[in-house]
Amino acid sequence: MNVRAHMSMLFHLDKCIGCHTCSVACKNLWTDRKGAEYMWWNNVETRPGAGYPTQWEDQAHYQGGWELRGDKLRLRLHSRAGGILKLFFNPSLPDLEDYYEPFTFRYQDLFTAPQGDDQPTAPPVSLITGQPIEIKSGPNWDDDLGGSGVYARNDPALEGLAEETRAQLQELERLVFNYLPRICNHCLNPACVAACPSGAIYKRAEDGVVLVNENKCRAWRMCVAACPYKKVYYNWSTGKSEKCILCFPRLETGQAPACAHSCVGRIRYMGVLLYDADCIPEAAMVPDEQLVEAQRQVILDPFDPQVIAAAQANGIDAGWIEAAQKSPAYRFVKEWQLALPLHPEFRTMVMMYYIPPLSPVVSVLEESLFRLDLSEGASDFELFDRLDAARLPVQYLANLFSAGQEEVIRQVLRKLLGVRVYMRRKTVDNQVDEATLQGLAEAGLTPEQAEDIYRLTTQPSLEERFVLPPYHREMAVEAWKDPLAHKGEAGLGYIQAPRRGE
Amino acid sequence: MNSRREIIPITYRLAPALLLAGALLLASAYLASAGPLAQTADEGRAIFEQKCQACHTIGGGRLVGPDLQSVTTRRERAWLLSFIGTPDRMLAQGDPIATQLLAENNNVPMPNLGLTQSEVESLLAYLENPAGAGQATTQPQAPTQVLPPGNYARGWKLFTGEVALVGGGPPCMGCHNVGGIGRYGGGSLGPDLTQVYSRLGEPGLTSALANFPFPTMAAVFTGKALDPQEQADLLVFFAQVDAQGQAMPPAVFDRYFWFWGLTGMALLFAGMVIFWPRQRLSISEALRRKR
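Respectively, the protein sequence lines represent chains A and B. Start counting the first sequence at 2; every next residue gets the next number (our numbering). Start counting the second sequence at 7; every next residue gets the next number (our numbering).
Hints are computed from structural coordinates only; laboratory data are not their basis. Positions of the beta carbon are idealized from the N, C-alpha and C atoms, including for glycine. Take these hints with a grain of salt, some might be off.
Interface residues of chain A toward chain B, partial, derived using beta-carbon atoms under 7 Å [said to hold, decoys possible]:
{"hint": "1", "residue": "Gln56"}
{"hint": "2", "residue": "Gln60"}
{"hint": "3", "residue": "Asp99"}
{"hint": "4", "residue": "Glu102"}
{"hint": "5", "residue": "Ser138"}
{"hint": "6", "residue": "Val151"}
{"hint": "7", "residue": "Asn155"}
Sample of chain A residues with no beta-carbon within 12 Å of chain B, all distances over it, derived [unchecked claim]:
{"hint": "8", "residue": "Thr55"}
{"hint": "9", "residue": "Lys137"}
{"hint": "10", "residue": "Lys204"}
{"hint": "11", "residue": "Tyr455"}
{"hint": "12", "residue": "Ala477"}
Could you put the whole structure together from the sequences, leaning on the hints where they help?
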């Protein structure tokens, strides 16, 4: 057992209101620079939708992630020899049009326009060329049904859905959408690391953050093409690749990442997961239907004495093990099995997890009026036995979170519904009837667990949402720098001596 | 007072140095004037055998260039000095004798052999009295008699490189052309050799094939001399090419070359017209257009 620790983020999609505060916080902090205008290390997508970059999930086009060929895991992008052939022209690379051309508005025109009959306007200009442009798309152009006739209709995750279900998603009275915030998944089996010809990308040992070494990056951009989530970006100004760093400077000082910290809906949780690094190859190579379960198996129980001993043997600090025990990520992912990885079929073993959203039942047409298709009687359980009546098709959620395995999604949705019905009985009716308890048991939860899920979902404190381990940078730095080396010296000195021409 | 006392010792101290400098000047002037005198006709003979013999004889008749017997009495010494040293410059300046010589020798100019002034001096010392310098070299050339009978077909193959030269030298065609050879003709680095047989004459060409008295060729063929059979074959080849001369058909590839070149380019552009606009169509743009 090779126990390692990982900082993991968890998204409770039922709580996301799609306000993009996370994206803006991230942009202001990290990508408000020349060459990074088009980058959104954190973005929020409206689904069904084409996403950002457009149709990023379409790996037939972008060639991202891993592919199980026979008994070997191969990069979909290229073999080693093929990589050399494509070194100088990689057709799988998304171009700026696939993201969007970043723009701003010439606000001075509002003040300097000559007097006329019309209100002056601020015309849009490209942030790259400075020339006036016609805005064609943005980081979430298909937001809230805008252009859904183009984008939502062409969501790659709708693949395999029946034609009538797809048509129903386009009907005004049955429209449905939810939000999908995305950051780098800091995978256990990252395709970007595997594809980099310069060896510039690495996964940090202490918390699993995947980072680009900007000094070693040689702008081959294989990482951009190989990442199935398209979360590595190329900075055209510096000629280096950049990506989400999970705000590690914040983590190291005991703060949650900016996106999680600023989250208005408080949908994000941060916590440590202990995992067995030796199990990664096996777990990444199971058939599609076992992927979610295999990934759960890689995550270890932080209360198991054997795991604790192995973790200590691997040099994991006691503070980290304690954080792992309190981790909300562990509870949602492993203990309650509510959180799922995004697109496990890409086989990169993502470490960011999502709790899929519930949705209302579809409407039915009755005397030329639409009404919710509720069953008579127990309306609480409207969806419990009829998950197929949910507006967001289970198949669609399965395409997103369980490699098409509907049963995995059904289990999660049943648990979420069970908790909801149980708590409604308890707080509204003041008594829990037998049917509710039975429903909860069928979903695989005890009343205590339901209470815990309810509390951590609705009323968590900041410390419960973000259980950040002590990084002990002051001790870690001693590994390569002697803190007493400059004792008694005068002056400020230089960490890196300045050189002419830099 | 003080300064005056110092000046005198300085001049005293300088005196030996000045004397030494004067002595050195005198010595070098003597050496410089004595230089040519010190050269022997032996050195001149060595230079002659090394650099001149390919084109000239002394009393052996003309080869590529004229017989040099008693040349020192025919021409003025000053003219000889500058002509042997820099024949190319003399010709460029339009020296009447040099121009006349060029016309007399089938328009084959004498190359600049890169001799220094003192080397030319010793060469002249040798030419003044060839018999006095070691053994006589009046008959350096009798190669025509030694050469075996040549073969035109093999000469063709040697010229084109179909048969490699034994010594390892590059085939003639790499740098030279003869009328009507090959589809695209020969190289254009060296002169056209169609008329070389009549231009140099048989003895001259024989000698040239044996020694390559041209600076560029001498460098290329150092240690890669042609063997007698190859020389004979090429000689026959050149003789025949010269005889056919203009009768050989001129190269006709030009028409086809341009035709296929332009047709190929047109096809390439036609293919690009089909594929180019679609190549840069982004996936989102494709979505918008599909609608």
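Chain B contact restraint on Gln60 (chain A) - CB to CB distance below 7 Å: violated (12 Å)
Per-residue hint verdict: Asp99 (chain A), partner chain B, C-beta under 7 Å: holds (5 Å)
Given as non-interface: Ala477 (chain A), partner chain B, CB spacing beyond 12 Å: Non-interface label on Ala477 (chain A) holds, nearest chain B Cβ at 43 Å vs cutoff 12 Å.
Thr55 (chain A) remote from chain B - nearest C-beta pair above 12 Å: violated (4 Å)
Chain B contact restraint for Ser138 (chain A) - C-beta distance below 7 Å: holds (5 Å)
Non-interface claim for Tyr455 (chain A), where every Cβ of chain B lies beyond 12 Å: Holds, because the least Cβ-Cβ distance between Tyr455 (chain A) and chain B comes to about 41 Å, which exceeds 12 Å.
Lys137 (chain A) and chain B, when compared Cβ to Cβ, separated by more than 12 Å: violated (7 Å)
Status of the Asn155 (chain A) interface restraint (C-beta, 7 Å, chain B): holds (5 Å)
Interface hint status, Glu102 (chain A) versus chain B (Cβ within 7 Å): Glu102 (chain A) check fails; min Cβ-Cβ to chain B is 10 Å, beyond 7 Å.
Chain B contact restraint on Val151 (chain A) - CB to CB distance below 7 Å: holds (5 Å)
Reported absence of Lys204 (chain A) from the contact zone with chain B (all CB gaps over 12 Å): For Lys204 (chain A), whose nearest Cβ neighbour in chain B is about 30 Å away, the distance exceeds 12 Å, so it holds.
Status of the Gln56 (chain A) interface restraint (C-beta, 7 Å, chain B): holds (5 Å)
In this structure, the hints that do not hold are numbers 2, 4, 8 and 9, in rising order.
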